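Visitor: If you want the building blocks of each chain, they are given just below.
6 protein chains.
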Amino acid sequence: MNNIIVIFSTTLFLAVSFSHAIESDFCVGDPSLPKGPGGYSCKDPANVTTDDFVFTGFRGERTTNNILGLNGTLASLSTFPALNGLGISIGKLDFGVGGHVPIHSHRTSEVIVVTKGSLIAGFIASNNVAYYKTLEVGDVMVFPKTMLHFQFNNGTTPATAFVSLNGANPGTQYVTGALFAGNLPGTLAQQITLLSEDEVMRMKTFLNTA
Amino acid sequence: MNNIIVIFSTTLFLAVSFSHAIESDFCVGDPSLPKGPGGYSCKDPANVTTDDFVFTGFRGERTTNNILGLNGTLASLSTFPALNGLGISIGKLDFGVGGHVPIHSHRTSEVIVVTKGSLIAGFIASNNVAYYKTLEVGDVMVFPKTMLHFQFNNGTTPATAFVSLNGANPGTQYVTGALFAGNLPGTLAQQITLLSEDEVMRMKTFLNTA
Amino acid sequence: MNNIIVIFSTTLFLAVSFSHAIESDFCVGDPSLPKGPGGYSCKDPANVTTDDFVFTGFRGERTTNNILGLNGTLASLSTFPALNGLGISIGKLDFGVGGHVPIHSHRTSEVIVVTKGSLIAGFIASNNVAYYKTLEVGDVMVFPKTMLHFQFNNGTTPATAFVSLNGANPGTQYVTGALFAGNLPGTLAQQITLLSEDEVMRMKTFLNTA
Amino acid sequence: MNNIIVIFSTTLFLAVSFSHAIESDFCVGDPSLPKGPGGYSCKDPANVTTDDFVFTGFRGERTTNNILGLNGTLASLSTFPALNGLGISIGKLDFGVGGHVPIHSHRTSEVIVVTKGSLIAGFIASNNVAYYKTLEVGDVMVFPKTMLHFQFNNGTTPATAFVSLNGANPGTQYVTGALFAGNLPGTLAQQITLLSEDEVMRMKTFLNTA
Amino acid sequence: MNNIIVIFSTTLFLAVSFSHAIESDFCVGDPSLPKGPGGYSCKDPANVTTDDFVFTGFRGERTTNNILGLNGTLASLSTFPALNGLGISIGKLDFGVGGHVPIHSHRTSEVIVVTKGSLIAGFIASNNVAYYKTLEVGDVMVFPKTMLHFQFNNGTTPATAFVSLNGANPGTQYVTGALFAGNLPGTLAQQITLLSEDEVMRMKTFLNTA
Amino acid sequence: MNNIIVIFSTTLFLAVSFSHAIESDFCVGDPSLPKGPGGYSCKDPANVTTDDFVFTGFRGERTTNNILGLNGTLASLSTFPALNGLGISIGKLDFGVGGHVPIHSHRTSEVIVVTKGSLIAGFIASNNVAYYKTLEVGDVMVFPKTMLHFQFNNGTTPATAFVSLNGANPGTQYVTGALFAGNLPGTLAQQITLLSEDEVMRMKTFLNTA
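Residue numbers (this note's numbering), protein chains in the order written: chain A, 9 to 218; chain B, 9 to 218; chain C, 9 to 218; chain D, 9 to 218; chain E, 9 to 218; chain F, 9 to 218.
Each hint should be verified, as a subset may be incorrect.
Since the list gives no way to pick out one identical chain from another, each pair is judged satisfied if it fits inside one copy or across any two copies.
Cut-off 20 Å, straight-line C-alpha distance, at most; resulting in silico cross-link-like pairs (EDC-like, lysine to aspartate or glutamate) [unchecked claim]:
no., residue 1, residue 2
1, LYS141, ASP59
2, LYS141, ASP60
3, LYS141, ASP38
4, LYS124, ASP60
5, LYS212, ASP38
6, LYS212, ASP60
7, LYS124, GLU69
8, LYS212, ASP52
9, LYS124, GLU144
10, LYS141, GLU207
These are calculated hints, taken from the structure and not from any lab test. Source: prediction; values computed, not measured.
One chain only, chain A, in its complex shape (with noise of 0.2 Å):
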C-alpha cells in the first residue's frame, strides 16, 4: 500500500506538471523591482504568504470633518500589491451629512453598494445626458469606464458605500482638482472651459494654487 502511495504521489506530481509555477496563478506586486505598462514584476512567490491577499485597511471608523465630508479609502495596486495584473480594487467610502465624491473619472467601470445612509449618485454620457438617482442601502449603481461620475450624501445622516473597480490601479482624476489645483495656468484653465476668469480666480485662490 505505501509503494502504492509513493508512486501515486510521484504521478501526481507528474500530472500536476501539467501546471505551471505558482507565480502564473498570480503576481503579487513588488515596488522595488521594474514596472511595466501591465503592472509591477511580480514578488518572489516563494515570499508570498496569505497575509499578501488579504487588505485591512478598511478597519476602524473614519472621520468625515473635512471640507469635502469625505473619507475614502482605495485598496489597489499601490496600496494592494496583490491585486497586480488580476484587474480589479475596491474602495470604502464614509460621507458625513452633505459629504461628496467630487465630479471625476477613471480608466475602468464602477460598482457601487450603498450600506449605511443614502446617496444621490450618477454618471454622465458623452452626450451631456446626466443619469442620476437616490441610492438606498443595498442600492447597486454601475458607471461605465471614462464616464464624469459623482456621488453625493444628501440625507440627513452619515453614509457608507463600496465601490468596486475593474482595475487594480483605476487612475482617479478629479475634474476641479485637474483643473484648478495643479500647474495648468489659470489663462489656459479658462480658455479650454469658457469658465470666467473671474471664477478661475476664486477656484485657484482657493486650492492655493493662484
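Following the hints, put chains B, C, D, E and F in place on chain A, whose structure we already have.
Guide: Relative to the frame of chain A, chains B, C, D, E and F by itself:
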C-alpha cells in the same frame, strides 16, 4: 446675445459630434436580441433610463435557514443587464452560523469585503497550496481568476459580505454540483476524482441524482 | 499545362480553405442590424466594396467662424463603418485664430500631428500635473487614454491638425458640456465641482440650459 | 431525510444562481444570425449537444497528389462553430514528398507538432531574419503572430503535422495567392514587389488570372 | 548598377525602419530577469536562435505504468520560453489502458486531438450539465475556458492525444490535488465539499497528507 | 479662511489618494530596463517631462531620390517611448513621383490620410480579393490588421500622407525584404513562393544577398 448662444450651441453641437452615439458609452443588454461571445445586443438607447443603471435586488433581509446556511444574490449580466460589456458584477452573501459558499471557481478574479461577522476565506493555487485566513469586518481578500476558493462562517454570529468580480457574467462552477448534481455518470465521477464508489453514490443519493 | 493549372487552382483553393470567410478579415458595420458591446453586426461581405474602406469626409475647406473657432470632423464608427471592430479612428481639426478644443477625455489614447500653424496642446495627469507645450508643424503629441486634454490655437494664423485614436468609437466627453449643457441640475453641478452658484448659473444661461 | 434533500436541492439551486445562464460558458456560433467583430451570435443553448463540441473532420486518409503536395483541414470558426468566442483552432496537415504550405501569415500565433515524417519549418522576422529548421517526429515549433512562415516536406516519406492557433478564425493569407491569384492588376503587383514584369505575368498565367 | 544596389539597400533600410526592433516580433522569456503579470522579460534578441523556437521534449516513448496510467508533457512558458507573450501552448498525453487525466480546469480554452486509441473526454458546464463523448483517432473536442474537464482511456489499447491551449501558462488545477494533496485542512475540505469526514481522511491518507 | 484652505487641501489630497501613482496614467518606456511582452519598463515618473510626450521627428523636408521614391518616418515605440503601453503610433510618408511603400503587413490596423498629391492605396483580403483606389487630398483609407497592403504614388507630383496604427510597435514586414533581402536560402524562397529560380536569383542579386 441670443445669437451668440445659438451659435455657441451649434458650435458645441459640432464639437460634440466628435463624440458618438450614446450607445457607445454603454450597451444595456437586451435579452430579446441575438447574443454573441461578448454579451447581449444593446437595448435601444432611446429607451434607456436611469433605472437601467440601478439594481435594487440586495434590499431587505434574507433568510439562511437552508442546508448551506447561505443566501446569495448576484447582480450580474442576467439580473442587471446594464453590466453588459462593462466587465464587472457584484454580489451580496448572507451567511448563517456555519454557513458557507462551497468550493467553486469562475472566469474572473474576485474581491470580497466582510461587512458583518467574520469568515474563513481562502483559495488554492494550482500547486495545491491553500491560502486561507479568518477575515474580520472590513477585511478584503482577493481570489485570483480561475482558482478554486471558498468562504465559511466559522463564527458564532451571522455574517455578511459583498463580492465583486471583474466580469459581467463570471460563470461560477461548484465542484460538488459539477461532479454529483448533474448528469455526469457516477462511474466517471469516481474515475476522474479517485473518490470511492460508495462516497460518489452517497453524494448522488444526497443530491437526488443517483 | 492546362491540367496543371486547374489542379493547382483547385489545390490552392484547398490551401486557401485554411483561411476563412472574407468577413473574418473585416466586419464593416451595418447599423440596421443589432449592435453589441464590441460594435455593429457585419454588413454582408458580398456587398462590401472598396468604397466602404475609403472615407472622403475630410475633403474641402472648413469655416471656423463660430464661438469655439473650431471645425472638426471625425472618421469614426458612425461615419466610417469600416472601422467597426478594427479599433482605430481618425479626425481632422481646423482651428481659427484663438480656436480651441475644450477640455475633454475619451476611452482611447490619441496622437495629434500639426500640419498647419501651431497649437498649445496638453493633458493633465491624475495627480493634477499638466503637461503642455506649443507644437509646431510636424510635431506629434500623445494623450494617454482617459486623461483630460485640450488643444488651443494661440498663434496668429489658422491651424490644422490630424488626430488618431486607438478605438473606432472614442466616446469624447467635454467637461463643460457634461456639467452645464445637459440635464444635470445646477445645484448638483455646483456641489460636485465646488464652483460658485453664480458661475454655474452663468454657464447654464450661456448654454441655454438654465 | 427526504426533506433535507429537497431543501438542499433548493439551496444548491440558490447557490448555483450565482452562476449564470449556460450560454455564458460557451457560445456555439449560429451562422444564420448576425455576426459581429467578435464572431457569430450564439446558437440557442437549449439546442446545443455534445456533438457541437466534437469535430470529426480529421478522420480518414487524405491524398496529396496535387501541385502543392498538401492536404490540409482546419477546424476553425466556419467548420467547427463551437470555437466561436473561445479563441482557438486546430488543423491537420498531410504532406506528400516535396509537399509544402506556401509562405503565409495570419492574425494569430501558431504551434506545429510533427507526428509523421519530417519537415523544414520556419518563419521570417520583420528584420528579414529567417528562423528555420528541420523538425522530427514529436518536435514543436512556434510561429509568432503575423510573421510570414512556411512548412516544407524535404524528406523522402510523407509527413503529417497538427497545428494549433490561438484564434477561432486565423485569417490565413498566402503571399502568392494574394499577389497573383486574385484581382490585383499585374502592373500593381510588379510595382509593389519589385518583381519583373515577365515573372508576374508568368505567375498570373500559371494561376489563370492573366 | 552597383550604385543602384547600394542605394536600394539603403532605401530598403529606410523602409524597414518603419518596422521595429526584432524584439517586438517575439519576446523569448528570460527567467533570470523580472517577471510581470504578462510573462517573463525578454531574452536579449541578439542571443535568440532558431533553437529557441523549437521544443523537442515530446520525442521518444513514454511509460504509463503509474497509478494514473498517464504520461503528460506540456510545452508551456516554463519549458518552452519562446511562448512568452504569444498566448499558446501544446501538450502530449500518453494514456495506458484505463489511464486518465483527473478532473481539472485552467485559465484557457483547450482543444484535444486523438492520434492513437480512443478516449472518453468531456467537460461540465456551470449549470452542472456534462458534455462527454468517446473520441476516435482524428477527433477533436474543445473545452471552454475555466470549465472542469477530463479525459479517460476506457479503450483496450493505449491512447495518445495532443492538446493545445490558448495561453502560454494555462495554470492547470486538479480538483483532487487541490482538495486533498496540499495544506488545506481536512475539516475545511469536508465543509466546503459536503464530502464525508471518512472519505476526506481516506483521500488524505492515500495522498500522504493526513 | 486660511484654515479652510489647508483643510481642503488635505481633504483633496485624501480624495486624490483614490487616484494612484502618476506612473499609472502612462509608462514612458526606459530601454535600459528589462522589456516584457507588453513593452518596456517605465521610466521613473519623477524624470518624465512634457518633452517625453512630444515627438519632433517629422519636422523639415525629406528627400525621396532613392529607388523606392519614398521617405518614411515612424513615431513608434523605439523612437517615441512615451507610446509604451498606449497602443498607438503615427508615421509620415513622403513619396516622390512613382514612389511607393512595397507590399507589407503588420500586427495592427492602420488608417492613412493623404495631405498632398494623390496615391493608389489598397489591401488584399485573405480570399485574394484586392481593394484598392486612388485617394485624393483629405481621403482616408483603412487597412485591416495583418492584411497585406501598399501605397503607390501614380500621380505626376510628389505626395504626402500620414498613417496611424493602433499599436506602439506595429512590426512591419515587407514581403520582398522577407523573401529576398535576408538569410532565407534562395531554394527555400523559390519552393514556398512558386516563383522561378531565375527570378529569385535576380532578386537576391539585386538586393546583394545572392
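Visitor: Any hints this thing doesn't respect? Which numbers, in order?
Guide: Result: hints 3, 4, 5, 6, 8, 10 break, sorted rising.
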